[in-house]
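Turn these sequences into a full structure, and let the hints steer you where they fit.
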Amino acid sequence: SKILQEKTPEYWERAWQQAHTHSLYARKRRDLEQLNYWSAMAGFFSNTAKKKQGKKRPQKVLSWLEQEGVWQPGMEILDIGAGAGNFTIPMAKKAAHVTALEPAPAMLSVLQKNVRDEELNNV
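FYI, in my numbering the residues of the sequence shown are 76 to 198.
Simulated from the structure, these hints should not be mistaken for lab results.
Keep in mind that a hint or two might mislead.
[To be verified] Here are the simulated distance ranges between beta carbons:
(1) I155 to T83: 42 to 52 Å
(2) K135 to Q93: 33 to 43 Å
(3) T96 to K131: 37 to 47 Å
[As the list claims (entries may be wrong)] In the BS3-like style, the derived pairs of lysine-lysine whose C-alpha atoms are separated by at most 30 Å in a straight line are:
(4) K130 to K168
(5) K131 to K168
(6) K168 to K126
(7) K169 to K188
(8) K188 to K126
(9) K188 to K131
(10) K168 to K135
(11) K188 to K130
(12) K135 to K169
(13) K188 to K127
Owing to the predicted nature of the structure, the values given are computational and were not obtained by experimental measurement.
From the three backbone atoms N, C-alpha and C, an ideal C-beta is built for every residue, glycine too.
Here is the structure:
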């Protein structure tokens with residue numbers, strides 16, 4: 076066809092690269108890179124979560140949610156991307172139950188340790 080004849084080799088190279096970049100394989104690879112990144116950062120976030128500075132943001136967010144009438148003690152909460160537990164732990168202290176989802180294995184280990192250290196049984 077005439078359209079195909081007008082396409083240059085550079086066009087097809089670019090089209091191939093775009094198809095590869097947006098392929099399922101490439102997306103899965105990016106997901107794995109994200110998991111590896113968060114797993115590598117687990118130690119840093121573990122230390123930060125326990126410091127005053129690491130608790131400041133969750134406290135502000137939870138206070139705001141209370142003021143807006145959204146946060147109420149006894150709620151059941153889903154924390155997606157729970158990380159080291161910066162939000163999970165303070166929420167669990169007031170909630171009936173917190174389901175914490177964390178896909179990065181090392182970060183999940185940190186979260187589990189932090190929950191045990193706080194002696195929480197509703198996470």
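Tested hints:
no.	hint	in the structure
1	I155 to T83: 42 to 52 Å	holds (45 Å)
2	K135 to Q93: 33 to 43 Å	holds (42 Å)
3	T96 to K131: 37 to 47 Å	holds (39 Å)
4	K130 to K168	holds (14 Å)
5	K131 to K168	holds (16 Å)
6	K168 to K126	holds (17 Å)
7	K169 to K188	holds (19 Å)
8	K188 to K126	holds (16 Å)
9	K188 to K131	holds (21 Å)
10	K168 to K135	holds (15 Å)
11	K188 to K130	holds (17 Å)
12	K135 to K169	holds (15 Å)
13	K188 to K127	holds (19 Å)
Every hint from the earlier list agrees with this structure, and none is contradicted.
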